[in-house]
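So the protein sequences, as listed, match chains E, W and S.
84 is the number that UniProt numbering gives to position 84 of the first sequence; each next residue is one higher, with no gaps.
273 is the number that UniProt numbering gives to position 273 of the second sequence; each next residue is one higher, with no gaps.
308 is the number that UniProt numbering gives to position 308 of the third sequence; each next residue is one higher, with no gaps.
Derived from the structure by calculation, the hints contain no laboratory data.
Please note that the accuracy of each hint is not assured.
Since the list gives no way to pick out one identical chain from another, each pair is judged satisfied if it fits inside one copy or across any two copies.
Computed cross-link-like contacts, DSBU-like style, restricted to lysine-lysine with a CA-CA straight-line distance of at most 35 Å [stated by the list, open to error]:
id: 1; residue 1: 217; residue 2: 47
id: 2; residue 1: 68; residue 2: 186
id: 3; residue 1: 206; residue 2: 68
id: 4; residue 1: 186; residue 2: 47
id: 5; residue 1: 68; residue 2: 254
id: 6; residue 1: 217; residue 2: 68
id: 7; residue 1: 254; residue 2: 47
id: 8; residue 1: 47; residue 2: 206
id: 9; residue 1: 68; residue 2: 47
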Amino acid sequence: MAHASYPLTTEQPYPRRQWWAAATATEVSRNLVARDILGERVLLYRKEDGTAVAVSGICPHRAFPLEKGRLVGDSVQCGYHGFTFGPDGACQRVPSQNGVPQHATLRRYPVVERGGVVWIWTGEESAADPALLPDLAAIGLDAPGWTVEIHPVATVEARYTLLIENLLDLSHVTFIHATTIPSGEKVAALPVTVEARSGGLTVARKAVGIPPNPLIKAQFPDQDALVDQEFDAQYMGPCLIRTGGTISDHASGKALGTQNFIHMITPAAPGRLHYFVATARDFGHDNPALGAMNLAMGTRIQPEDVDAISAIETVLRGDAPLPREVSARVDNGALQVRRLLEAQIRAEALAA
Amino acid sequence: MAHASYPLTTEQPYPRRQWWAAATATEVSRNLVARDILGERVLLYRKEDGTAVAVSGICPHRAFPLEKGRLVGDSVQCGYHGFTFGPDGACQRVPSQNGVPQHATLRRYPVVERGGVVWIWTGEESAADPALLPDLAAIGLDAPGWTVEIHPVATVEARYTLLIENLLDLSHVTFIHATTIPSGEKVAALPVTVEARSGGLTVARKAVGIPPNPLIKAQFPDQDALVDQEFDAQYMGPCLIRTGGTISDHASGKALGTQNFIHMITPAAPGRLHYFVATARDFGHDNPALGAMNLAMGTRIQPEDVDAISAIETVLRGDAPLPREVSARVDNGALQVRRLLEAQIRAEALAA
Amino acid sequence: MAHASYPLTTEQPYPRRQWWAAATATEVSRNLVARDILGERVLLYRKEDGTAVAVSGICPHRAFPLEKGRLVGDSVQCGYHGFTFGPDGACQRVPSQNGVPQHATLRRYPVVERGGVVWIWTGEESAADPALLPDLAAIGLDAPGWTVEIHPVATVEARYTLLIENLLDLSHVTFIHATTIPSGEKVAALPVTVEARSGGLTVARKAVGIPPNPLIKAQFPDQDALVDQEFDAQYMGPCLIRTGGTISDHASGKALGTQNFIHMITPAAPGRLHYFVATARDFGHDNPALGAMNLAMGTRIQPEDVDAISAIETVLRGDAPLPREVSARVDNGALQVRRLLEAQIRAEALAA
Numbered sequence: 001m002a003h004a005s006y007p008l009t010t011e012q013p014y015p016r017r018q019w020w021a022a023a024t025a026t027e028v029s030r031n032l033v034a035r036d037i038l039g040e041r042v043l044l045y046r047k048e049d050g051t052a053v054a055v056s057g058i059c060p061h062r063a064f065p066l067e068k069g070r071l072v073g074d075s076v077q078c079g080y081h082g083f084t085f086g087p088d089g090a091c092q093r094v095p096s097q098n099g100v101p102q103h104a105t106l107r108r109y110p111v112v113e114r115g116g117v118v119w120i121w122t123g124e125e126s127a128a129d130p131a132l133l134p135d136l137a138a139i140g141l142d143a144p145g146w147t148v149e150i151h152p153v154a155t156v157e158a159r160y161t162l163l164i165e166n167l168l169d170l171s172h173v174t175f176i177h178a179t180t181i182p183s184g185e186k187v188a189a190l191p192v193t194v195e196a197r198s199g200g201l202t203v204a205r206k207a208v209g210i211p212p213n214p215l216i217k218a219q220f221p222d223q224d225a226l227v228d229q230e231f232d233a234q235y236m237g238p239c240l241i242r243t244g245g246t247i248s249d250h251a252s253g254k255a256l257g258t259q260n261f262i263h264m265i266t267p268a269a270p271g272r273l274h275y276f277v278a279t280a281r282d283f284g285h286d287n288p289a290l291g292a293m294n295l296a297m298g299t300r301i302q303p304e305d306v307d308a309i310s311a312i313e314t315v316l317r318g319d320a321p322l323p324r325e326v327s328a329r330v331d332n333g334a335l336q337v338r339r340l341l342e343a344q345i346r347a348e349a350l351a352a
Numbered sequence: 001m002a003h004a005s006y007p008l009t010t011e012q013p014y015p016r017r018q019w020w021a022a023a024t025a026t027e028v029s030r031n032l033v034a035r036d037i038l039g040e041r042v043l044l045y046r047k048e049d050g051t052a053v054a055v056s057g058i059c060p061h062r063a064f065p066l067e068k069g070r071l072v073g074d075s076v077q078c079g080y081h082g083f084t085f086g087p088d089g090a091c092q093r094v095p096s097q098n099g100v101p102q103h104a105t106l107r108r109y110p111v112v113e114r115g116g117v118v119w120i121w122t123g124e125e126s127a128a129d130p131a132l133l134p135d136l137a138a139i140g141l142d143a144p145g146w147t148v149e150i151h152p153v154a155t156v157e158a159r160y161t162l163l164i165e166n167l168l169d170l171s172h173v174t175f176i177h178a179t180t181i182p183s184g185e186k187v188a189a190l191p192v193t194v195e196a197r198s199g200g201l202t203v204a205r206k207a208v209g210i211p212p213n214p215l216i217k218a219q220f221p222d223q224d225a226l227v228d229q230e231f232d233a234q235y236m237g238p239c240l241i242r243t244g245g246t247i248s249d250h251a252s253g254k255a256l257g258t259q260n261f262i263h264m265i266t267p268a269a270p271g272r273l274h275y276f277v278a279t280a281r282d283f284g285h286d287n288p289a290l291g292a293m294n295l296a297m298g299t300r301i302q303p304e305d306v307d308a309i310s311a312i313e314t315v316l317r318g319d320a321p322l323p324r325e326v327s328a329r330v331d332n333g334a335l336q337v338r339r340l341l342e343a344q345i346r347a348e349a350l351a352a
Numbered sequence: 001m002a003h004a005s006y007p008l009t010t011e012q013p014y015p016r017r018q019w020w021a022a023a024t025a026t027e028v029s030r031n032l033v034a035r036d037i038l039g040e041r042v043l044l045y046r047k048e049d050g051t052a053v054a055v056s057g058i059c060p061h062r063a064f065p066l067e068k069g070r071l072v073g074d075s076v077q078c079g080y081h082g083f084t085f086g087p088d089g090a091c092q093r094v095p096s097q098n099g100v101p102q103h104a105t106l107r108r109y110p111v112v113e114r115g116g117v118v119w120i121w122t123g124e125e126s127a128a129d130p131a132l133l134p135d136l137a138a139i140g141l142d143a144p145g146w147t148v149e150i151h152p153v154a155t156v157e158a159r160y161t162l163l164i165e166n167l168l169d170l171s172h173v174t175f176i177h178a179t180t181i182p183s184g185e186k187v188a189a190l191p192v193t194v195e196a197r198s199g200g201l202t203v204a205r206k207a208v209g210i211p212p213n214p215l216i217k218a219q220f221p222d223q224d225a226l227v228d229q230e231f232d233a234q235y236m237g238p239c240l241i242r243t244g245g246t247i248s249d250h251a252s253g254k255a256l257g258t259q260n261f262i263h264m265i266t267p268a269a270p271g272r273l274h275y276f277v278a279t280a281r282d283f284g285h286d287n288p289a290l291g292a293m294n295l296a297m298g299t300r301i302q303p304e305d306v307d308a309i310s311a312i313e314t315v316l317r318g319d320a321p322l323p324r325e326v327s328a329r330v331d332n333g334a335l336q337v338r339r340l341l342e343a344q345i346r347a348e349a350l351a352a
């Protein structure tokens with residue numbers, strides 16, 4: 001891979017002292033499931049009381065992948081020679097002997113289940129503070145008064161930073177999503193502001209005084225007058241970007257409602273990512289057609305982004321020489337996020 | 001490949017001064033066949049008198065794979081420009097000229113055909129001593145009084161040591177083969193003895209005083225009383241492990257018969273192996289149903305082991321960090337075999 | 001890839017100050033097409049006036065592959081964020097702003113369209129002299145009095161030098177094409193002369209006084225007497241080799257006509273090539289069956305060569321140790337061409 005860390009200039013491709021979306025809540029069950037996260041193999045399951053568990057997915061006895069084993073109560077039994085580990089990672093039983101070998105332990109990942117998502121902490125266990133999660137309540141993912149849809153996860157052959165860059169430059173909407181996002185063809189021409197907020201950053205666009213398009217009509221059937229529509233891209237950390245925003249009546253400035261698209265990004269490996277999407281709105285709670293519409297839009301829009309960043313990943317992995325990168329003024333926000341991310345990774349390296 | 005030589009600590013992954021099963025007797029014919037062995041491309045065929053021949057499979061003229069050529073009498077004619085080589089590897093003819101170039105020679109591998117298997121020697125030709133073959137007569141593969149079945153070969157994406165380790169820790173039978181090996185679910189709990197024998201090593205288990213299961217009933221229809229059953233794993237060198245053993249009447253101790261499973265393991269490349277199996281028994285010679293049963297068991301059991309070691313190979317080749325290896329007391333035999341194998345490889349390096 | 005530059009002893013696998021066939025004329029249209037050439041991604045299209053254009057196929061903004069964009073007039077618009085580049089490679093427009101960033105330029109490749117083929121120059125633009133193209137008129141590709149067929153391109157997983165070597169040692173015809181090239185079975189036995197000509201080299205064979213085979217009868221229906229047939233292999237540079245030659249009446253020496261096979265070879269990447277073939281004859285212009293016959297022969301013969309060189313590429317990429325190369329006397333021409341090619345590559349390295 002010729003351009004292994006592009007667009008970052010750091011050696012380590014991702015921060016580890018970080019919460020990441022590991023799975024949607026419905027993916028984690030009494031069936032063992034393995035997922036690569038930050039290049040590690042993580043085993044996910046639920047205890048009999050429903051609590052989600054995340055431990056290392058490789059048996060320390062003979063490196064057998066543990067998802068091929070089975071659950072015995074709250075413990076995982078390896079499918080090869082039967083080594084059995086509790087949800088705390090400690091070896092509880094070796095079938096061929098009494099007692100267990102020293103050091104026969106699985107790494108345990110701290111878990112928080114919130115907003116329909118199972119989050120794991122990939123740094124040292126002692127530093128795992130749920131307060132370091134992005135403020136999910138503020139964006140409607142874990143708050144009263146919001147209706148949420150959790151979309152199915154996509155695993156993509158692309159470094160996670162390509163998805164962060166994608167979401168932070170919404171001028172791509174005009175080209176990639178011209179036919180799938182209503183009024184998308186106009187986004188590239190909107191003026192942009194960049195605002196740093198609480199360790200994060202928002203790239204904001206606003207369409208002002210536009211006639212309500214069919215999607216807005218579906219969301220707010222009584223609105224015939226002109227509206228203002230926000231096209232935010234809010235970086236809340238490497239694990240989460242919010243897009244969307246508030247739609248308001250143009251004349252009065254009164255908010256009609258807020259529709260957020262919550263993009264949860266998890267590095268699977270240096271060149272692969274998991275992409276979780278949730279949609280959250282603070283209006284139309286009794287209208288299930290809006291949720292169905294959001295899910296249907298997701299199945300049309302998400303593949304367009306996946307295709308784009310996979311195509312770039314293929315270019316980056318190839319041996320063809322790359323042109324010297326140029327940026328537009330509109331890339332200012334994305335470039336600031338690159339520096340935030342690099343600073344986070346470098347701070348970890350210094351602390352280690 | 002992050003863990004290229006695991007579980008060995010040597011650089012060279014396999015010994016070369018060694019006989020290896022190259023093919024079953026029926027695979028070698030008047031049609032050219034190429035097989036990768038120890039990372040080399042070996043061409044196998046029979047002379048007109050039936051003698052098996054093994055030579056290098058790459059033409060020294062322009063690196064064309066010789067199995068795409070054809071046999072002319074006892075010689076191989078390259079399919080590209082017609083360079084022709086005798087069974088001793090010497091170039092005999094170049095169609096475009098009189099005489100042959102110097103050094104136009106194929107490497108020749110010493111061959112012994114024994115027990116329904118074509119064995120080749122991968123060390124220096126002068127050291128190729130058939131006496132260095134494992135004692136095939138002792139295990140029923142090349143001896144009067146035994147009935148033998150030769151199973152079809154499997155080529156597996158796994159380093160050959162994973163298969164050696166698999167066979168030497170039969171506690172896996174309880175988990176991998178619980179439903180396919182009669183009484184297999186009890187193997188992990190049997191006590192184990194380890195006995196060094198003539199440069200090899202036997203990990204022995206014995207089920208004592210068990211009722212004859214359906215397989216034993218099929219093998220010894222007159223036996224209704226309790227039996228003792230051996231579950232040996234006998235390492236006879238890196239190329240061959242015998243499992244199985246003798247079934248005896250529990251009360252009298254009288255042997256009813258011996259059923260051996262003969263596992264012939266040949267490294268194809270650092271991460272790939274050929275797996276040859278033969279079954280040999282010294283009873284029931286006039287009962288062809290027993291042979292059919294052995295072959296049918298093979299088609300069910302062998303894929304379970306192949307799946308297990310391929311899954312480990314995938315883990316080893318991945319970039320995920322591996323946990324520090326732990327072993328059970330029952331692994332003692334397998335760990336001794338690792339050291340035997342490493343010593344064999346190191347001795348070669350010193351002698352070279 | 002263990003033998004990355006075989007059979008060359010240079011580090012750089014190909015010369016760059018060179019014209020190469022990039023596409024047949026019919027492949028280049030108002031649809032964007034990308035092709036890997038010398039490890040670079042080249043974008044090909046036609047302007048509205050029909051002129052062929054070749055520019056770099058990777059957007060310098062965010063490395064998006066430009067063939068996924070679209071043509072706007074004579075310009076290419078990137079499919080991701082809409083950066084738009086003219087046929088001279090200069091950035092003309094960035095949708096989100098007025099003006100364009102500095103250095104936002106695509107590399108432009110000089111193009112000549114000749115003989116039904118679009119040729120590009122991969123060296124510095126200032127050195128791109130159409131006079132450095134092989135003399136296409138001399139071999140009937142771009143000359144009055146010749147009838148030409150352009151065959152469909154094949155992209156082959158093999159280093160381009162393997163195809164050069166293949167074409168320069170036509171003794172392979174006897175083995176690879178014995179059934180598809182009339183009288184091919186006799187080629188290996190014909191005496192060979194090697195003649196250096198104008199920076200190139202011709203390996204010549206002539207079948208003398210042979211009865212006209214069915215192909216010759218189809219080409220020259222009135223010829224019943226014995227003929228002489230040339231089997232030339234003329235290296236005119238790394239991009240082009242001519243095979244075939246003149247067929248004459250044996251008794252009088254009078255030429256009946258010339259049938260050339262024009263092989264245009266373009267490195268795609270270190271281990272991959274594009275193979276363009278044209279057939280040209282100076283007789284039978286009013287007999288379309290001869291053109292159809294040439295195209296049909298191509299679809300049978302070309303895959304035989306592709307299979308052969310792909311098989312060698314697989315051997316070269318493998319980890320198996322290669323035998324020390326030996327050559328026949330008939331390889332003299334091919335060995336001289338290796339040295340010509342190495343000298344061309346080394347001269348570039350010295351000049352750089």
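- Violating hint indices (sorted, rising): 1, 5, 7, 8
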